[in-house]
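The listed protein sequences derive, respectively, from chains Z and G.
Residues 0 to 286 (numbering that gives the first Met the number 0) are what the first sequence spells out, left to right.
Residues 0 to 286 (numbering that gives the first Met the number 0) are what the second sequence spells out, left to right.
Quick caveat, the hints were computed from the structure, so don't treat them as lab data.
All of these numbers come straight from a predicted model, not from anything done at the bench.
It is possible that part of the hints are untrue.
Identical copies go unnamed one by one, so any copy, or any two together, can satisfy a pair.
[Claimed, not checked] Restricting the straight-line Cα-Cα distance to at most 20 angstroms, the calculated cross-link-like pairs of lysine to any residue (SDA-like) are:
#, residue 1, residue 2
1, 33, 201
2, 33, 52
3, 33, 43
4, 90, 7
5, 33, 206
6, 33, 85
7, 282, 91
8, 66, 52
9, 90, 4
10, 33, 9
11, 90, 45
12, 161, 102
13, 90, 5
There are 2 protein chains.
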Amino acid sequence: MSDYNEQTLTEAVINRVAATPDPRLRQIMTSLVKHLHGCVREVRPTWEELLAGIQFLTAVGQKCDDKRQEFILLSDTLGVSMLVDLISYGKVGNATESDLLGPAWVEGAPELPLGSNLAEHPSDGEPCVITGSVASLDGTPLAGAVVDFWETDGDGFYDLQKPDGPNLRARLRTDASGQFWFRGVRPVCYGIPTDGPVGAMLRATNRHNMRAAHLHFMISAPGHARLVTQLFLTGDQYLDSDAVFGVKESLVVDCERVETREEAAKYQVEAPFYRMHYDFVLKSAQA
Amino acid sequence: MSDYNEQTLTEAVINRVAATPDPRLRQIMTSLVKHLHGCVREVRPTWEELLAGIQFLTAVGQKCDDKRQEFILLSDTLGVSMLVDLISYGKVGNATESDLLGPAWVEGAPELPLGSNLAEHPSDGEPCVITGSVASLDGTPLAGAVVDFWETDGDGFYDLQKPDGPNLRARLRTDASGQFWFRGVRPVCYGIPTDGPVGAMLRATNRHNMRAAHLHFMISAPGHARLVTQLFLTGDQYLDSDAVFGVKESLVVDCERVETREEAAKYQVEAPFYRMHYDFVLKSAQA
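Chain Z extracted, bound-state conformation (with noise of 0.2 angstroms):
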């Protein structure tokens, strides 16, 4: 019979996993075993902080619901969904690079023609003209890409958590030139929420809750890898401190003020507006 000290406790752990007929899961909990016990080792808790921290992951569980995910919230102010989007997709020559799907994409958003005015309510934010060209690596134009788009309104909400349907929030196909464009609205900086215990951690950890401002993408085409990104302004307050750590610099983008009527009838939207643009460069599926 063994008789457990602080190291032959975590040896005892990672060899009752080793047996776990799956050898990817082999992996992983082993892994898990000996950095959860590395944490415990070096952080050193008294029972009472050991129960406290059960009961913010019982209560991160419990916050969760069908429209709700707590956990992802927290993996996400813990630069964990960062990480492993950087670990997943990686840079690859001058692909675009990708960021997180976030919790507002949803199957089957409207189909709607290139130049489609996304904004229903004159209330929607202020006008932007989004544009844009899918290609490959190697320049190609992608013609036929879906490109998969949503955003919040200028309050910062996502037609999800509004009682309407569909709204900002589209599939386009790029056309034979590999271009596409339409009209959405300017994007805004927004709260992730705070009224759960991911709040709770973020004031107690005396941090904001804000997210720079950014557009959602996810991009497909055949015999590429599926691209799911944002898009960010350029000078935004909250790109070096995003809540979520999600701002890369490659995603930064200008958006500029069109004061002209001439710029404005090209896209049939009064001046002023403001426009975007950006192209991505998709990577071959085998990448």
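Given chain Z, work out where chain G should sit, using these hints.
Chain G alone, transformed into the frame defined by chain Z:
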């Protein structure tokens, strides 16, 4: 503006919690982020794996209610609880080692006189006389020490899991020479709950859910640190594989089968019966 890689992202998150006003919370958050990110970098999860982990933790939280604490069960089965036990109580001289409190202690157990029979029903299990003493580190017997005791019945159920009132649970006080004795039942092995996500984890890692048979004690005396511990049985088949890593060599004692009527008469039981004995030594409150 910083553009994170796998290393600098971890530094950025640690910097973000550096403004935590409470120094202990700052230390805990820093260590947690470091080890959590270290695990993620080592495991290199896909998005699907991260989401599977998040769904698992969510289910653990949602399995908790006022009678069930699945996160403690997770902590127990991953050896974290025993690690905190080792860290927080430790070994001092020949003081009795501590062990897990478990989920079945309740405040305000019936106060019973020495010699009481705690097994209310004939079906409670095989009679077992439990005797012991409580002393200081220097060997001084502690009179009037409170011995809070609880155990399962012979089917492996605590009274809390059954509709009747308190059973196999009591608070007794040592006599003038620091001795105590009472009648319980021979402890049996039982399984921790497997109808939740922790049970799924045990199955996926090819682990059984059995606890080595044990008795629970919480012993207090003025001027001494409260001792929470368990006693185990020599020869038990789960000593080496207890589901929560709870067995300590110094807490394993013989459970002797006594056949003679003379011995039975001493404790007012009928032969044959079982007998267990332990001499508890309490640390001082300052240790």
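**Prompt:** Which holds for residue 90 with residue 4 at a C-alpha limit of 20 angstroms: within a copy, between copies, both or neither?
**Reply:** So residue 90 and residue 4 pass the 20 angstroms test across copies only (10 angstroms; inside, 43 angstroms).
**Request:** With 20 angstroms as the alpha-carbon cut-off, assign the pair residue 33 and residue 201 to within, between, both or neither.
**Result:** between (27 angstroms within a copy, 17 angstroms between copies)
**Item:** Intra/inter-copy verdict for residue 282 and residue 91 if alpha-carbon distance must be at most 20 angstroms
**Value:** Classified as within: same-chain Cα gap 7 angstroms, cross-chain 61 angstroms, threshold 20 angstroms.
**Message:** At most 20 angstroms between alpha carbons: which applies to residue 33 and residue 9, within, between, both or neither?
**Reply:** Intra 7 angstroms, inter 18 angstroms, cutoff 20 angstroms: intra and inter.
**Message:** When Cα atoms must be at most 20 angstroms apart, do residue 90 and residue 45 count as within-copy, between-copy, both, or neither?
**Reply:** between (42 angstroms within a copy, 15 angstroms between copies)
**Asked** For residue 90 vs residue 7, is the C-alpha pair at or below 20 angstroms within one copy, between two copies, both, or neither?
**Response** The answer is between: 15 angstroms across copies meets 20 angstroms, while 40 angstroms in one copy does not.
**Request:** With 20 angstroms as the alpha-carbon cut-off, assign the pair residue 33 and residue 52 to within, between, both or neither.
**Result:** Cα proximity of residue 33 and residue 52: in one copy and across copies (18 angstroms, 17 angstroms).
**Request:** Check residue 90 against residue 5 for me: Cα-Cα at most 20 angstroms, and say if that holds within a copy, between copies, both or neither.
**Result:** Between copies, since 12 angstroms is at most 20 angstroms while 40 angstroms is not.
**Message:** If the cut is 20 angstroms between Cα atoms, do residue 33 and residue 85 qualify within a copy, between copies, both or neither?
**Reply:** between (23 angstroms within a copy, 16 angstroms between copies)
**Message:** Please sort residue 33 with residue 206 into within, between, both or neither, judging by C-alpha distance up to 20 angstroms.
**Reply:** between (29 angstroms within a copy, 18 angstroms between copies)
**Message:** Checking an output row: residue 66 and residue 52, CA cutoff 20 angstroms. Within, between, both or neither?
**Reply:** between (24 angstroms within a copy, 18 angstroms between copies)
**Request:** Go through the copies and call it for residue 33 and residue 43: within, between, both or neither, with a Cα cutoff of 20 angstroms.
**Result:** Classified as both; 15 angstroms inside a copy, 15 angstroms across copies.
In this structure, none of the earlier numbered hints is contradicted; all agree with it.
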